[in-house]
Amino acid sequence: MNEHTRTVMRQWTLAQPVVSAFITSIVRDFTDRDDVLQDTAVAVLESSPRYDSARPFLAWALGIAQNQIRLYLRRCSRDRLLLDEGLVEIVAASFERVSSAEHLRQLEELRECLSGLEDRERQLFELRYAQDLKPAAMGRILEMHPNTVSKALQRIRDQLRECLQRRAAMEGPA
Amino acid sequence: MSSESGQQQSDLLISGYLDDQLDVQQLQQLQQLLLQSPQLADRFAQQHLLHDRLRNLAMLAFAVPAESPSARAVSVVPGSKRLLFSRRQLRRFLTAVCVLLIGMSAGFIFWSGLAGTPAAAASAELQRLLQASTRQVDRTWQLAVEETVASDLRRRRTLSGRSAQRPPKVSLDGALLCVRSGGQFVLTRTLPDGTQFLTGSDGLCSWAVRPDQSVRVSRNPAHFSRDIPGHEHSMSFVQIDQLLAQLKSNYHIQVLPGVTAAGDAEESLEHADQLMIAVRRRKVPGPGRVEISYDSLTGDIHQLRFIDMPYGPDRLTLRMTLVSEESLQPAFFSHDSHHPPEWRVEQE
Chain A
2 MNEHTRTVMR
12 QWTLAQPVVS
22 AFITSIVRDF
32 TDRDDVLQDT
42 AVAVLESSPR
52 YDSARPFLAW
62 ALGIAQNQIR
72 LYLRRCSRDR
82 LLLDEGLVEI
92 VAASFERVSS
102 AEHLRQLEEL
112 RECLSGLEDR
122 ERQLFELRYA
132 QDLKPAAMGR
142 ILEMHPNTVS
152 KALQRIRDQL
162 RECLQRRAAM
172 EGPA
Chain B
401 MSSESGQQQS
411 DLLISGYLDD
421 QLDVQQLQQL
431 QQLLLQSPQL
441 ADRFAQQHLL
451 HDRLRNLAML
461 AFAVPAESPS
471 ARAVSVVPGS
481 KRLLFSRRQL
491 RRFLTAVCVL
501 LIGMSAGFIF
511 WSGLAGTPAA
521 AASAELQRLL
531 QASTRQVDRT
541 WQLAVEETVA
551 SDLRRRRTLS
561 GRSAQRPPKV
571 SLDGALLCVR
581 SGGQFVLTRT
591 LPDGTQFLTG
601 SDGLCSWAVR
611 PDQSVRVSRN
621 PAHFSRDIPG
631 HEHSMSFVQI
641 DQLLAQLKSN
651 YHIQVLPGVT
661 AAGDAEESLE
671 HADQLMIAVR
681 RRKVPGPGRV
691 EISYDSLTGD
701 IHQLRFIDMP
711 YGPDRLTLRM
721 TLVSEESLQP
731 AFFSHDSHHP
741 PEWRVEQE
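One line per chain: the protein sequences are A and B, in this order. All residue numbers for the first sequence refer to my numbering, where the first residue is 2 and numbers rise by one. All residue numbers for the second sequence refer to my numbering, where the first residue is 401 and numbers rise by one.
A hint or two may mislead.
Straight-line Cα separation of at most 20 Å, DMTMM-like style, residue types lysine to aspartate or glutamate; simulated pairs [as the list claims (entries may be wrong)]: (1) A/K135 - A/D33; (2) A/K152 - B/D420; (3) A/K135 - A/D159; (4) B/K648 - B/D695; (5) A/K152 - B/E404; (6) A/K152 - A/D133; (7) A/K152 - B/D423; (8) A/K135 - B/E748; (9) A/K152 - B/D695; (10) A/K152 - A/E119.
So, partial list: chain B residues that the calculated Cβ filter (under 10 Å) puts toward chain A [to be verified]: (11) L412; (12) Q431; (13) F444; (14) L450; (15) L457; (16) G582; (17) Q654; (18) P685.
Since the hints were made in silico from the structure, they are not lab data. Just so it is clear, CB atoms sit at the ideal spot from N, CA and C, and this is done for glycine as well.
All chains, please: the whole structure from these sequences, using the hints.
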């Protein structure tokens with residue numbers, strides 16, 4: 002493995018969580034995300050000789066991810082993105098902007114923040130994120146209205162985000 | 401509309417988007433807002449970073465199928481009653497998964513002409529492990545039983561006092577399994593009183609060296625392999641290449657997307673751990689789930705976990721960790737190497 006490939010691999014390691022979140026934001030389904038992410042990893046490695054190390058790696062990887070999303074949706078006979086093509090590029094640019102090392106470091110505290118969830122909230126977390134159920138299906142299990150489930154999920158995410166901010170504030174700048 | 405209520409409204413739309421709750425009109429509204437406001441687009445991205453990370457943490461926490469009787473208790477959420485992971489297990493699991501993508505990347509280098517579908521990628525990766533496992537070396541594995549669940553049959557027999565029909569198998573916990581090509585093995589199990597019970601095969605005949613100082617030998621090289629885990633389903637733990645071949649045909653193979661964390665990723669770049677998970681297909685025998693940790697570059701396996709694995713009347717969660725690849729003596733797999741010459745040898 003040459004030095005250039007090693008550099009690409011190292012950069013990919015750092016970029017991968019952001020690329021993963023970007024893919025989720027477009028394809029939305031977690032199973033689709035897994036598939037597109039793997040395709041993207043392959044494409045990144047295959048394209049690594051063409052990577053110009055003077056360019057930001059994340060932008061390059063997000064560009065590859067965009068292509069893979071299109072290819073994937075075409076393969077699945079779903080030729081329409083939920084978001085407009087132009088908007089996808091705007092979203093990709095946003096991911097670049099918000100993915101500071103500090104923000105990503107904040108997310109590492111998420112596990113600790115999850116410990117603050119009440120039992121009912123943990124149950125919602127499990128159903129939504131482990132079992133990948135949507136509010137309608139969750140509502141059937143929990144005997145709750147889907148809207149109530151949606152609001153509860155939003156509250157959980159808000160609570161976790163606030164927890165991350167609090168912890169970051171306590172730790173101070175890195 | 402005030403800016404605060406405007407933000408609340410847009411956050412509501414983003415949250416609805418995360419949970420797939422928006423109708424067409426709301427989706428169009430969100431798109432318009434994202435086009436108009438870079439700040440909102442940034443919040444959209446930040447919320448997806450959180451959303452995506454939550455999924456990865458949940459997948460780690462609930463990786464073992466809930467219906468598995470031996471679902472390992474591992475919790476991502478400290479203090480959780482339902483997500484019962486120990487911190488040490490979690491750290492190990494996270495470490496393995498954290499560097500997964502590095503490993504995937506390294507692995508992909510070996511897959512020129514890869515079709516690109518995840519199933520093909522996982523299958524190709526398994527094939528790479530299979531090739532690596534055929535390397536002609538002696539391997540010594542340490543076995544650890546993480547959990548034993550008695551089957552209903554065992555429980556019924558115990559309740560009805562019929563449990564003594566056949567003596568229980570000696571525990572595999574702490575056992576050493578030495579293997580060499582050609583189906584040669586020595587399994588050393590230690591009894592509670594500290595004595596050892598050895599079974600083995602030199603590829604031509606199999607044997608058992610018992611704590612009562614008797615030695616039994618069979619011309620059938622597989623005769624004494626019944627205590628090797630996996631024997632019940634012809635899943636050879638002695639010949640890992642055969643085991644992997646079985647996984648390939650009977651299991652869904654998955655390389656989990658990684659949760660990359662800061663830390664030792666960079667220093668372990670060259671030889672990162674990688675984790676492959678195999679989940680049994682319906683109506684085929686064998687452990688419910690197999691986890692394989694291996695070196696991403698060489699494909700050498702250094703740990704296997706078998707979850708919900710039949711063993712006699714029980715179901716185990718068994719961990720096999722590679723402890724040595726040092727060459728063993730040529731006669732190591734013969735029974736003569738494991739007992740004094742004066743012990744009585746009986747032919748089966």
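Structure-based check of each hint:
1. A/K135 - A/D33: holds (15 Å)
2. A/K152 - B/D420: Holds: A/K152 and B/D420 sit about 13 Å apart, inside 20 Å.
3. A/K135 - A/D159: holds (18 Å)
4. B/K648 - B/D695: holds (19 Å)
5. A/K152 - B/E404: holds (18 Å)
6. A/K152 - A/D133: holds (17 Å)
7. A/K152 - B/D423: holds (16 Å)
8. A/K135 - B/E748: violated (61 Å)
9. A/K152 - B/D695: Judged against 20 Å, a Cα distance of about 44 Å means the pair is violated.
10. A/K152 - A/E119: holds (16 Å)
11. L412: holds (7 Å)
12. Q431: holds (6 Å)
13. F444: Since the shortest Cβ distance to chain A is 6 Å, the answer is holds.
14. L450: holds (6 Å)
15. L457: Holds, because the Cβ-Cβ distance from B/L457 to chain A comes to roughly 6 Å (cut-off 10 Å).
16. G582: Violated: closest Cβ of chain A sits about 34 Å from B/G582, beyond 10 Å.
17. Q654: Given a least distance of 8 Å, the restraint on B/Q654 holds.
18. P685: Hint violated; B/P685 Cβ to chain A Cβ min 27 Å, cut 10 Å.
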